[in-house]
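A.B. asks: Chain residues, written in single-letter form:
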Amino acid sequence: MSDHITEIVIFTVLFLLVSGIGFVAARWRAPKDMAHLDEWGLGGRSFGGWVTWFLVGGDLYTAYTFVAVPALIFGAGAAGFFAVPYTVIIYPLFFLILIRLWSVSHRHGFVTPADFVRSRFDSPTLALVIAITGIVATMPYIALQLIGIEAVLKTMGVTGDSALARHAPIIIAFAILAAYTYQSGLRAPALIAFVKDTLIYIVIIVAVLYLPYKLGGWGDIFDAADKKFQGTAAPGDGILLNANNQIQYITLAVGSALALFLYPHSITGVLASKNRNVIKRNMSALPAYSFLLGLIALLGYMAISAGVKPLPGAKEGTVDSNTVVPLLFDQKFPAWFAGIAFAAIGIGALVPAAIMSIAAANLFTRNIYKEYLKRDATHAQEAQVSKIASLVVKVGAVAFIVFLDPQFSIDLQLIGGVIILQTAPAVALGLYTRWLHRGALITGWAAGMGLAFWMLWQIPNAATKRAHFGGSAFPLSEFGFDTKKTIYVGFVAVAVNLIVAVMATFFLRAMKTPEGVDGTTPDDYFADEGDPRIDKSQTPVDTVSST
Amino acid sequence: MAEPETPPPARSDRSPWNWLLIVPIVVPLLTPLYNHDSPRLWGFPMFYWLQFAFILLGVVTTSVVYRMTRR
Numbered sequence: 001m002s003d004h005i006t007e008i009v010i011f012t013v014l015f016l017l018v019s020g021i022g023f024v025a026a027r028w029r030a031p032k033d034m035a036h037l038d039e040w041g042l043g044g045r046s047f048g049g050w051v052t053w054f055l056v057g058g059d060l061y062t063a064y065t066f067v068a069v070p071a072l073i074f075g076a077g078a079a080g081f082f083a084v085p086y087t088v089i090i091y092p093l094f095f096l097i098l099i100r101l102w103s104v105s106h107r108h109g110f111v112t113p114a115d116f117v118r119s120r121f122d123s124p125t126l127a128l129v130i131a132i133t134g135i136v137a138t139m140p141y142i143a144l145q146l147i148g149i150e151a152v153l154k155t156m157g158v159t160g161d162s163a164l165a166r167h168a169p170i171i172i173a174f175a176i177l178a179a180y181t182y183q184s185g186l187r188a189p190a191l192i193a194f195v196k197d198t199l200i201y202i203v204i205i206v207a208v209l210y211l212p213y214k215l216g217g218w219g220d221i222f223d224a225a226d227k228k229f230q231g232t233a234a235p236g237d238g239i240l241l242n243a244n245n246q247i248q249y250i251t252l253a254v255g256s257a258l259a260l261f262l263y264p265h266s267i268t269g270v271l272a273s274k275n276r277n278v279i280k281r282n283m284s285a286l287p288a289y290s291f292l293l294g295l296i297a298l299l300g301y302m303a304i305s306a307g308v309k310p311l312p313g314a315k316e317g318t319v320d321s322n323t324v325v326p327l328l329f330d331q332k333f334p335a336w337f338a339g340i341a342f343a344a345i346g347i348g349a350l351v352p353a354a355i356m357s358i359a360a361a362n363l364f365t366r367n368i369y370k371e372y373l374k375r376d377a378t379h380a381q382e383a384q385v386s387k388i389a390s391l392v393v394k395v396g397a398v399a400f401i402v403f404l405d406p407q408f409s410i411d412l413q414l415i416g417g418v419i420i421l422q423t424a425p426a427v428a429l430g431l432y433t434r435w436l437h438r439g440a441l442i443t444g445w446a447a448g449m450g451l452a453f454w455m456l457w458q459i460p461n462a463a464t465k466r467a468h469f470g471g472s473a474f475p476l477s478e479f480g481f482d483t484k485k486t487i488y489v490g491f492v493a494v495a496v497n498l499i500v501a502v503m504a505t506f507f508l509r510a511m512k513t514p515e516g517v518d519g520t521t522p523d524d525y526f527a528d529e530g531d532p533r534i535d536k537s538q539t540p541v542d543t544v545s546s547t
Numbered sequence: 001m002a003e004p005e006t007p008p009p010a011r012s013d014r015s016p017w018n019w020l021l022i023v024p025i026v027v028p029l030l031t032p033l034y035n036h037d038s039p040r041l042w043g044f045p046m047f048y049w050l051q052f053a054f055i056l057l058g059v060v061t062t063s064v065v066y067r068m069t070r071r
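The listed protein sequences derive, respectively, from chains A and B. Heads up: the first sequence begins at 1 in the UniProt record's numbering, then just goes up one per residue. Heads up: the second sequence begins at 1 in the UniProt record's numbering, then just goes up one per residue.
Be a bit skeptical, because a hint or two may be false.
Said to hold, decoys possible - Sample of chain B residues at the chain A side, in silico, Cβ under 7 Å: (1) Ser15; (2) Ile25; (3) Tyr34; (4) Ser38; (5) Trp42; (6) Phe44; (7) Met46; (8) Thr62.
To be verified - Listed below are the simulated SDA-like cross-link pairs for lysine to any residue, each with C-alpha atoms no more than 20 Å apart in a straight line: (9) Lys228(A) to Gly43(B); (10) Lys274(A) to Gly109(A); (11) Lys484(A) to Gly471(A); (12) Lys485(A) to Gly43(B); (13) Lys228(A) to Leu30(B).
These are computed hints drawn from the structure, not numbers from a lab. Remember, predicted model here, so these are calculated numbers, not experimental data. Think of the CB as a built atom: it goes at the ideal place given N, C-alpha and C, for glycine as much as any other residue.
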């Protein structure tokens, strides 16, 4: 542990610095009245271009991504690079589709995607389904952020013998995070994101200039990786894709992109911006992070070239490949720089964890508490419930990591991406049409979920020798095709979801089942900042408490 | 039937320029286009440098569409 004292000191100092920022954030762009969900949960819906860039960037590119994507490249090669096409195609999709969600939410004061679905399809039940799917998908994602921090702590040698001692630093870190999120709401991650992203950019730019120089150039790095993959028995690895994993690569990129924009935390980040132009401009600026992610991914190859050996995993005989990037920094850089890199990853976990817990809390408050428990809740009560819910969510995430095998969280995150995709017909298509019947959307969702779980259950993991939930690449031979090709589970499940929803719509129409009344008008999907109709729809009580 | 009030002109963000956004959605998914080692660029196999180039493609197309559809 003493070898790492410089790293630990720098890590701790930077961590405490951002914690301070988190508490001060409550007074940043301070509202007149914080006791309103728009203020606590959406930062007053007032963020401009720069804040949105840092906030959404810090939100979408999580610590886990920074640790797990290079780990995937380290282990499997080209297949892990799907993260780049995935984060290229996401922005045009945001530009076209999510902008409509911003407008209709701005016009009607929606805080969550389920709020929109409720009004669009006139169905609290469908909204409940969307909200629960969102919360369940988000929880393990928060837990995974802790795995990002843990990989760093492990590399610094901060481990103990008992489960409690080993997890003490994470529990402390999350307690601080919970406290300032409770106080400052979305303003805390927005302000901390500035520090986090600045650190990440500096660390990665230095790393990708310095490491290739030390390792003999990019050509040698790729050749070393190629040599390693040639020497392994695994059929799927290599620095290029092979005949069998290309469909998987494409469908995983598309599926992940769709899933990402349905995740409640991305929607929260987008709804917090102040107008349409801020979002549209950011779609041209956010790909800077994709560039960064591509470079970070390649750290996996640098680790191969530098001969990094991952630390042992939680179980006997396994390795924790998430430690390869922290180890690479530990071995190749002076201690003070490694300390900064570790702090960047650690702080990088806090921003998305805060936003995710806020997003999940908002779903609970708006679509469960206000809908089913207390219909006449005031804005102040909503904000209070959301604050408490965000604490509960974080305690839950810590419990996941402390009491369960971390592998369980990784499995759940895998499932999370697949199940959040099942909200696509209601949320994404719903922004264009309400042709699909509300009952049919629920039926399609159930079909998609059922199929997704069955498919994930069928997939074994060769590396850890487990029979189920071993990945998201489903062998097409299971459907009776005579091929070794694989496909992304979420993609198949959402396709089936949609087909079922269409068929059920025809059926419910034929049965003349009531369709409810659309609470939105076509014009709402283009509303922008300063829309004259916005205040009209609010009751006098609302106006008093929000101004 | 007389209209009581002239409604504000219907807003829309329809524009033929939006079709341009299909390009950065589809091109990064065409694996046969970039799944090759050579030509290498600064030591990067084509698989990697071309996908990095697609990021720029995304930036350029979204910027163009933004400028052309701004009012």
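A.B. asks: Now, for every hint given, state plainly whether the structure supports it.
C.D. replies: Hints versus structure:
Hint status for serine 15(B): violated, given a least beta-carbon distance of 11 Å to chain A, over 7 Å. Hint status for isoleucine 25(B): holds, given a least beta-carbon distance of 5 Å to chain A, under 7 Å. With its C-beta approaching chain A no nearer than about 9 Å, tyrosine 34(B) sits outside the 7 Å limit, and its interface hint is violated. Interface restraint check for serine 38(B): the shortest CB-CB distance to chain A comes to about 11 Å, outside 7 Å, so the restraint is violated.
For tryptophan 42(B), the shortest C-beta to C-beta distance to chain A is roughly 6 Å, which falls under 7 Å, so the interface hint holds. The interface hint given for phenylalanine 44(B) holds, since its Cβ lies 6 Å from the closest Cβ of chain A, which is under the 7 Å cut-off. For the restraint placing methionine 46(B) at the interface with chain A, the shortest Cβ-Cβ distance is roughly 9 Å, beyond the 7 Å limit, so the hint is violated. Annotation: interface hint on threonine 62(B) holds; nearest CB of chain A at approximately 5 Å, less than 7 Å.
The hinted pair formed by lysine 228(A) and glycine 43(B) meets the criterion: a straight-line CA distance of about 17 Å does not exceed 20 Å. At most 20 Å may separate the alpha-carbon atoms for a hinted pair to count; lysine 274(A) and glycine 109(A) meet this at roughly 13 Å. A C-alpha spacing of about 16 Å is found between lysine 484(A) and glycine 471(A), which places the hinted pair at or below 20 Å, so the restraint holds. Restraint check: the Cα-Cα separation between lysine 485(A) and glycine 43(B) comes to about 30 Å, which exceeds 20 Å; the hinted pair is violated.
With a C-alpha separation of about 27 Å, the suggested pairing of lysine 228(A) with leucine 30(B) is violated against the 20 Å cut-off.
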